[in-house]
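Undergrad: Residue numbers (our numbering), protein chains in the order written: chain V, 1 to 379; chain L, 1001 to 1328.
Hints were generated in silico from the structure; no laboratory data involved. All values derive from a computational prediction rather than experimental measurement. Beta carbons are placed, not taken as given, at the ideal position from N, Cα and C, and that holds for glycine. Treat the hints loosely; a few may be bogus.
[Unchecked claim] In the BS3-like style, the derived pairs of lysine-lysine whose C-alpha atoms are separated by at most 30 Å in a straight line are: (1) L:Lys1312 to L:Lys1254; (2) V:Lys233 to L:Lys1325; (3) V:Lys251 to L:Lys1311; (4) V:Lys193 to V:Lys165.
[Claimed, not checked] Partial selection, computed: residues in chain L whose CB lies under 8 Å from chain V: (5) His1094; (6) Ala1097; (7) Asp1098; (8) Ala1105; (9) Leu1108; (10) Ile1115; (11) Val1116; (12) Ala1246; (13) Tyr1292; (14) Met1303; (15) Leu1304; (16) Val1305.
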Amino acid sequence: MNKTKNFLTSQSFVSCMASFLSILFGLLFGLILLFLFNSEFALRGFNKMIATGIGSSDKLAKVLYQAAPLIMTGLSVGFAFKTGLFNIGATGQYTIGAFCALTAVIQFQMPWYIGLLAAVIGGALWGAIPGICKAFFNVNEVITAIMFNWIGMFLVNLLISNMPKMIANYWAGPQSDRTASLAVANPSGMIPKAGLDKLMGSNYMNISIFMVILIAVLVYLVLQKTTFGYELKACGYNRNASEYAGINAKKNIVLSMVISGALAGIGGGIYYLSGTAQYNLVKSLLAAGFNGIPVALLASSNPVGTIFSGLFISYIQVGGDAMQPEFAKETIDIIISVIIYLSAFSLLIQEIIRKFIKADKGNVNAEQQNEQPKKGNRK
Amino acid sequence: MNVLATVISATVIFAVPLLLVALGGMFSERSGVINIALEGIMVIGALFSCLTLKGFHNSGFGVEHPIFAMFLAILIAAISGAIYSLLLAFAAIHLKADQTIGGTALNLIAPAFAIVLSWTLQGQGNTTIMIPNWVRITQDNFGITKNDSFLQNVIFKNFYLTTPIAILLLLISIVVLYKTRFGLRLMACGEHPQAADSVGINVYWMRYAGVFISGCLGGIGGLAFTIAAGSGFESSVGGYGFLALAVMIFGNWKPVSIMGASLLFAFFKVIGSYSASIPFLPSFSGIKSGEYIYLMVPYIVTMLVLVATSKKSRAPKAEGIPYDKGAR
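Just chain V, with the same shape it has in the complex (with noise of 0.2 Å):
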């Protein structure tokens, strides 16, 4: 009895409903709005966005192909979360690891995990710099990572001009606008698939996503169980208060800044080295970098959760897809962010679900409650 109600007044348990009952408003409202727009096909429009994902093994594929990166920018912008600071460059640190990981893939030979790698170092050094204008010159790291985004797709599209190897045309493929595809300029450059494409009868599948899991444990670990990750958080929490406990707060900063962009790095390799997707030079920010925000928000910042809000988000994103053309595709995007807008209240929403619990079952535990010191009221 006691351990039931522990478990359902901790942390995890009730952020993780709310998470929840924000999806089911989320989708609920999406069915509204698919009313709205065309009563006729609403019913069968939403069945394809709930249902597409686990229809087939080849869908089911796509979507933990679009998961992996997704969860990698998650990690990135969460991990950023956890120690304080808000990471929105995860789509430059991702452009940057894309370039780092198919430089190293196709202009120089290399094999997949040197360009995963390349794309680590990469995505760092990106995230380094916000890290340390913040830390060392006093300039919000939102504003420096804003600035690098657009910094890292011009400097990229201009080295990618620049290195006639990298463009598919070399390789005698029809395109000047995108890197050339893996399977001609590099096979060994591609991730291993583990015959999981021919398992899954999908060309996308290979061994990405449980690279991904495991890095999210990874980071999980350094978190939760080591000083390391403490002494992040405990910088996140307070700068002054950390320092005066002797922990090197601009060092942290710094630090916390340059895994961020790691991990974000690792998603644009992992993307563009899976062999089915080709840079193309464009003008215009990578969405996949800013899709990491409300992966990272559905899941509270946890590492863990990261890992099912992107394959959750993923999944409903297959799902859009195939309610085309009824629907626009973007419709999928309306009911995330209305997810996300709900989700702002999770604290609010965590105390009326506790409220609901301990009313529920107050009387036996009444004893219980005053002896503990109260531990909700700080978070």
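With chain V held as given, fit chain L onto it using these hints.
TA: For chain L alone, kept in the frame of chain V given last:
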């Protein structure tokens, strides 16, 4: 000389949206609410004002009374932006939600909503809303004969009603913020809400007002951006809301500095876009796609200036913290 005229007029037209939106952000943050939703507010303002313009065009009203129609569109932009911003205000002020999260959600909703709505209104896949060409103010509107003089080129090359309105709003902002009771109280709420409350200022109300003003200015800024971009409304404002946020920080939360910052940024941006036609700039002939170098310049310059002046940078003290009456 012609290139110079082009650069000057293009700088002004790109500076206008930055100025308006950054001023909006300033009002919100001065009242204590971080308004990261500026990007979304711009999209909503641009969406509804462009739809209005399109409606005026189709009904023939716009061609007959171009300036009045444009004025109404600007009004619509302000109102729609303000209403949208109330979603942020409600979450941030009454529900004490995390302001960054609420703002991010609003940024996500706006472009998706714009695509879905314009898709519903204009038919499948047709998401661009064209801006009719009568919105540009020409020499005819003043009864001046057209000639190729420098002055006329500067003024009339890109002259839209948003420019004089932006200048007017800048002046009003300066007066309101520093010379009126409302402005001083607003700033007090961003610095020390408890102290403000103790002398009888309604902090919640002031914060609503700050966000509301930022919504008005952000909405107009969205329309101004769409005009400056020139290719019609495509459900996005190209990251200008975030840039405006940067300009606001760059301008140190002060109206005049914000104007300077937006002009500086716009100038380097225009230099980047017109680099090929400006004779004295190096052309980097040994490098392919050298234009990317110029496209990076405005961002790098902003960063350098920020790093150099950061010691003086001072954000409103209480921004981002939900006001809790009971807190000490």
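Undergrad: For each hint, tell me whether it holds in the structure or not.
TA: Checked hints:
1. Of the pairs offered as hints, the one joining L:Lys1312 and L:Lys1254 holds, with about 12 Å between alpha carbons and a cut-off of 30 Å not exceeded.
2. Simply put, V:Lys233 and L:Lys1325 have alpha-carbon atoms about 28 Å apart, close enough for the 30 Å limit, and the pair holds.
3. Taking the CA atoms of V:Lys251 and L:Lys1311, the gap is near 19 Å; set against the 30 Å cutoff, the hint holds.
4. Note on V:Lys193 and V:Lys165: the hinted pairing holds, with a Cα-Cα distance of about 25 Å set against a maximum of 30 Å.
5. Interface restraint check for L:His1094: the shortest CB-CB distance to chain V comes to about 10 Å, outside 8 Å, so the restraint is violated.
6. A hinted interface residue such as L:Ala1097 counts as satisfied when its beta carbon comes closer than 8 Å to some beta carbon of chain V; here the least separation is about 4 Å, so the hint holds.
7. Using the Cβ-Cβ criterion of 8 Å, the hint placing L:Asp1098 at the interface with chain V is satisfied: the shortest such distance is roughly 6 Å.
8. Hint on L:Ala1105 holds. Least Cβ distance to chain V is approximately 4 Å, under the 8 Å limit.
9. Given hint, L:Leu1108 at the interface with chain V, holds; its Cβ is 3 Å from that chain's nearest Cβ, closer than 8 Å.
10. This hint holds: L:Ile1115 has a C-beta 4 Å from the nearest C-beta of chain V, less than the 8 Å allowed.
11. Hint status for L:Val1116 relative to chain V: holds, with the closest Cβ pair at about 5 Å, below 8 Å.
12. Below 8 Å, beta-carbon pairs count as interface contacts, and L:Ala1246 has one with chain V at about 4 Å; its hint therefore holds.
13. Checking L:Tyr1292 against chain V: minimum C-beta separation of about 4 Å stays under 8 Å; hint holds.
14. Here the hint on L:Met1303 is kept, as its CB sits about 5 Å from the closest CB of chain V, short of 8 Å.
15. Given hint, L:Leu1304 at the interface with chain V, is violated; its Cβ is 10 Å from that chain's nearest Cβ, farther than 8 Å.
16. Hint status for L:Val1305 relative to chain V: violated, with the closest Cβ pair at about 10 Å, above 8 Å.
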